[in-house]
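These protein sequences, in sequence, are chains D and A.
With our numbering applied, the first sequence covers 1 to 151.
With our numbering applied, the second sequence covers 1 to 226.
Be careful, since some hints might not be right.
With a cut-off of at most 25 Å between alpha-carbon atoms, the simulated DMTMM-like pairs for lysine to aspartate or glutamate come out as follows [stated by the list, open to error]:
id: 1; chain 1: D; residue 1: Lys40; chain 2: A; residue 2: Glu176
id: 2; chain 1: D; residue 1: Lys54; chain 2: A; residue 2: Glu176
id: 3; chain 1: D; residue 1: Lys54; chain 2: A; residue 2: Glu82
id: 4; chain 1: D; residue 1: Lys151; chain 2: D; residue 2: Asp109
id: 5; chain 1: D; residue 1: Lys40; chain 2: D; residue 2: Asp109
Incomplete in silico selection of chain D near chain A, CB under 10 Å [claimed, not checked]:
id: 6; residue: Arg35
id: 7; residue: Met39
id: 8; residue: Gly50
id: 9; residue: Ala51
id: 10; residue: Ala113
id: 11; residue: Ala138
id: 12; residue: Lys139
id: 13; residue: His145
Bear in mind the hints are in silico, worked out from the structure with no lab data behind them.
Glycine residues also receive a C-beta, built at the ideal position from the N, C-alpha and C atoms.
Okay, here's what each chain looks like letter by letter:
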Amino acid sequence: MRTKLLAAAVAVAALGGASLEALAQTKPDVMVAQRQAVMKLQGKYLGPIGAMMKGAAPYNADVVALNATFLENLARMPWDGFDPSTKGEKSKAKPEVFTDTAKFKAAADTLEAETAKLGAAARAKNEAGVRAAFGGVAKACGSCHDGFREK
Amino acid sequence: MGAGETQVKVWDVPVRLFHWLLVLLFAFMFFSGKSGSEWIEWHMRAGYAVLALVLFRILWGFAGSTHARFTSFLAAPSACIECMKHLLARKPSPYPGHNPLGGWMVLVLLLALLVQTGTGLFANDDLLSNGPLYDLISKATSDQLTMIHIWNFNLLLLLAGAHLIAVLYHAAFMKENLIGAMFTGVKRLPADAAGGVVARFASPWLALVLLAVTALAVYLIVKRPF
Chain D
1 MRTKLLAAAV AVAALGGASL EALAQTKPDV MVAQRQAVMK LQGKYLGPIG AMMKGAAPYN
61 ADVVALNATF LENLARMPWD GFDPSTKGEK SKAKPEVFTD TAKFKAAADT LEAETAKLGA
121 AARAKNEAGV RAAFGGVAKA CGSCHDGFRE K
Chain A
1 MGAGETQVKV WDVPVRLFHW LLVLLFAFMF FSGKSGSEWI EWHMRAGYAV LALVLFRILW
61 GFAGSTHARF TSFLAAPSAC IECMKHLLAR KPSPYPGHNP LGGWMVLVLL LALLVQTGTG
121 LFANDDLLSN GPLYDLISKA TSDQLTMIHI WNFNLLLLLA GAHLIAVLYH AAFMKENLIG
181 AMFTGVKRLP ADAAGGVVAR FASPWLALVL LAVTALAVYL IVKRPF
């Protein structure tokens, strides 16, 4: 009796798991749109900090803290959108995203680490730290675009 | 110098300086444009210099020395065909300045460079760097101009390649040292060719003034202080 119950429980769990997984099968074109949306939002929150770094806008520690925190979270979001199923979709992702996965993962990790530094400095209202960390974030964005994004 | 040849000064200092500065800047623009986002700031600064130089060369094409002027080297189609025959027959060319084909090439190159620098002013890299006039247009328009910026550069490479091949053709098959002439300003010509045209050379001070004007114009476009 107990074993039957256990078996039933396992079966239900397996089915449930399977059906959940099926539900989670996001269509490739939707995944592309979602990861592009993340990139656009990164642009939204990076831009104002960039303008402050260049001196085109006055430094505002509150805006920097908010934007940097958003960036820190956004930096973790795009990567599962570069699923192998999206390989044939129309996008600016270079084939290297799917062939040179180790390097792509390293680039993703770099962005996460650099935005974490920026977020910490921004929340600490440490302007010098923000300026130092911003360079690292910009470099992480740029080098990944250079290597993995078509012009 | 062979028999029946004469040495004639054709290229003034502004034309020569323009040419070689442009060569250096073109090489740098090529490198900095392809080397990723770390070079973009310098790519933009050098681009302003290219724009100022090209605008200067256009003004010099109206106000400069004889062989720098558009009216002296933009020839009729019949002259272009005549020139083509000279080239194919490998006869020494009787043209002191640009030959008719080369003359049109000058115009095409200048226009392509204007398109290149002009679109660059509005371009964006989808990151932190935008051309100085990016703010004036929508992102979608900027994206289109950025694409033109990328494709027009391929055209420029093609034109520069054609220019280089033509100059090498002159050197290899017609024994004409056009590269040396662009350094020294002096061309070796058949004696009868030089006779017709007496080149008038404009003041280098005028060139300096015009360059200052175009540099100021580019500065105002980039900084937009008003």
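Results of checking the hints against the structure:
1. D:Lys40 / A:Glu176: violated (56 Å)
2. D:Lys54 / A:Glu176: violated (51 Å)
3. D:Lys54 / A:Glu82: Since the Cα atoms of lysine 54 of chain D and glutamate 82 of chain A sit roughly 56 Å apart, the hinted pair is violated (cutoff 25 Å).
4. D:Lys151 / D:Asp109: holds (22 Å)
5. D:Lys40 / D:Asp109: holds (19 Å)
6. Arg35: Cβ of arginine 35 of chain D sits 14 Å from chain A, so the hint is violated.
7. Met39: holds (8 Å)
8. Gly50: holds (4 Å)
9. Ala51: Since chain A brings a Cβ to about 9 Å from alanine 51 of chain D, closer than 10 Å, the hint holds.
10. Ala113: Violated - the Cβ of alanine 113 of chain D stays beyond 10 Å from chain A, reaching only about 18 Å at its closest.
11. Ala138: holds (6 Å)
12. Lys139: holds (7 Å)
13. His145: Result: holds, 6 Å to nearest chain A Cβ.
In summary, the structure is inconsistent with hints 1, 2, 3, 6, 10 from the numbered list given earlier, while agreeing with the others.
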